[in-house]
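Novice: From first to last, the protein sequence lines stand for chains A and B. Going by my numbering, the first sequence opens with residue 1, and the numbers climb by one from there. Going by my numbering, the second sequence opens with residue 1, and the numbers climb by one from there.
Some hints could be false.
[As the list claims (entries may be wrong)] Derived BS3-like pairs (lysine-lysine); straight-line CA-CA distance at most 27 Å: (1) 115(B) to 3(A); (2) 9(B) to 4(A); (3) 43(B) to 3(A); (4) 4(A) to 62(A); (5) 83(B) to 62(A); (6) 158(B) to 43(B); (7) 43(B) to 89(B); (8) 83(B) to 9(B); (9) 43(B) to 160(B); (10) 83(B) to 4(A); (11) 9(B) to 62(A); (12) 30(A) to 9(B); (13) 158(B) to 83(B); (14) 3(A) to 83(B); (15) 62(A) to 3(A); (16) 89(B) to 158(B); (17) 4(A) to 89(B).
Simulated from the structure, these hints should not be mistaken for laboratory data.
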Amino acid sequence: MQKKNIYTLVLLLLLTITTAFISNNFDQLKIAIIIILTLSGIKFLTVVFQFMELNRAHQFWKVLIIGFLSLFIGIISILL
Amino acid sequence: MQSTEINYKNIYYPPGGILMWILIFLELITFGAALIVLVINSKDDPEIFHQSRLTLNASFGAINTVFLLTSGFFMATTVHQIKINNLQKASFYLNLTMLGGLLFLLLKGLEYYLKIDAGYTIGYNTFYTFYWLLTGFHVIHVIVGLVILLFMQSGINKSKALIEDVEASAAFWHMCDLIWLLLFPVIYLIL
């Protein structure tokens, strides 16, 4: 549990650095925007399932949170 | 520490409690909708929004993300320590959790000070109206979260906290992470 959380934190920090790097070097490219949003989505789900332990919850909550995130990223990606 | 066996697989008992998860979804939908409206508004004048976004310090945003994520890690560790009834360690990790929140507020305060000093106030343009409202409301959530954690610390010290309350408090704190994980890329990185 504790080891898994440490790996999770390292992954989250690496993803944060990666998104900042992509934003600095590929400003306003459509593909860069989609990659940044996808990586941010992965961070979001990692926090939800690992730190908030939603992986132990009923399927309903998992579907709801994944549905919300997909809708959010989908709408933002289409609009930009 | 008082604890009862919770069946998390039951639809009515997600970790943190059903009411907390209803609140989390309402908050996520509210912030998510506001961010979508921000992006729709940016279509009217993309150049102004882009130039305004470039005046933000993305490094501050990234460091604040690190503070919140690390704080979230310590929060998860605190809950784990409480579940194995190691209250001394739980109290220590909870202090580290709150330190992460305080560092976030400190850096946010510096960022706000620099923005006001440069004249980028809430009425500067539409981008900055969204910036101040969205990040401001998020800061309020972090402050409320810190107050909840202070009560939680007091409960742990007196060995009076229920595991349900601890999980609900932790879920609220993680919600601050989640909101920030939506705000950071849209406001600081992609417009």
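Novice: Among the hints numbered above, which are violated by the structure, and what are their numbers in rising order?
Specialist: 1, 3, 6, 7, 9 and 12
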